[in-house]
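All chains should be modelled from the sequences, with the hints used to inform the complete structure.
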Amino acid sequence: MTLEMPRYSVGPRGEYADRPLDMPWRGWWQVLKRVKGEAATDRVSIISAGISYYCLLSIFPGIAMLIMLYGLVGDVAAARAQIASFSGILPEQAYEILIQQLERLEAAPRSGLGLGLLFSFAVGIWSASRAVQALMIAMNAAYEEREHRGFIERNLVALALTIGGICFFALSITAIAAVPARIASLHLGPGVTTALASLQWAALFIAAVLALALVYRFTPCRAPARFRWLLPGAVVATGLWLPSSLLFRFYVANFANFNETFGSIGAVIVLLLWFYISAFAVCIGAELNAELERQTYRDSTTGPIRPIGRRGAYVADSTAESAAGTQRAGDRARRGEAEQGVGSLPEPQ
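Residue 226 in our numbering sits at position 226 of the sequence shown, with consecutive numbering throughout.
Just so you know, the hints here were simulated from the structure itself, not pulled from any lab data. These numbers come from a predicted model, not from an experiment. Note that the Cβ used here is the ideal one computed from N, Cα and C, for glycine as well. Be aware that one or more of the hints could be misleading.
Pair by pair, the computed Cβ-Cβ distance ranges are [as the list claims (entries may be wrong)]:
| id | residue 1 | residue 2 | range |
| --- | --- | --- | --- |
| 1 | F151 | A195 | 49 to 55 angstroms |
| 2 | A195 | L118 | 44 to 50 angstroms |
| 3 | I99 | A122 | 23 to 29 angstroms |
| 4 | F119 | R146 | 41 to 47 angstroms |
Quick look at the structure:
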């Protein structure tokens, strides 16, 4: 006689799911409907425009810093090869801007690279940190959080994320750029070479997912979510970003003529729009993660399991009902407005 353990119930809409993949389709449908509404409520479009503006300010000092570093310790041609790895994603006009800046900085005398590097590094870090702070605002909006970190702490977090992002970006692009050259050197034949070349896109996808998971974990002002609750938004954001970038590149190359409309700044407009598309995808991923956490009663934050109302994260301390206007006990407890009614939700039957 075989005894079967009763199956664990996650609820009809995933109310007791321990991970997003455990949720039934009804729960996912509720989540997606709320994501649509929250994207409008949180003004994702406007916030994405702000992020893209600061990204535009940071890209040129970042390129200058990259070229100067290579001018001091290596071959500038290697930097050109790394930037060339974006040629398949960026619109042609935006890519030309990067190449023009690359050529101009490549012609700079080496004698001024040391001082120029320090100045460019300071400007680049400042500009990029402004983009990260704009991203922090977007993540707080998506996760329904209020920024209560002090001025110093907030800027230190932005600086650390900026430096970490630059290092992660440089390492990822180096690895991605090295894949085609390594494959070509093996002389494996056209069929095998084409198949292996797809690894470049797989590496880009994985690198983007990991980077976004770190963004979703550390930028909002809240108790960090467990990694399993960060991956869905990171995968969706990357899945939106790559095809959208390719479609935008195709549109710019075949239908739009930004140079006729905007004149000499047409290429800058194209680059700005590409940043906007990227920022919008990142924000949508954050909205998805937030609503997935709100869908379950389980503790989605790191550390020991805590009852609802004591988790240090609004979406983890609230439920899907609160999204419709019901004030939950977790919201009251976190803001110190009340200490009553805080406790564990009933376990599933």
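So which hints don't hold here, by number, going up? The structure breaks only hint 4.
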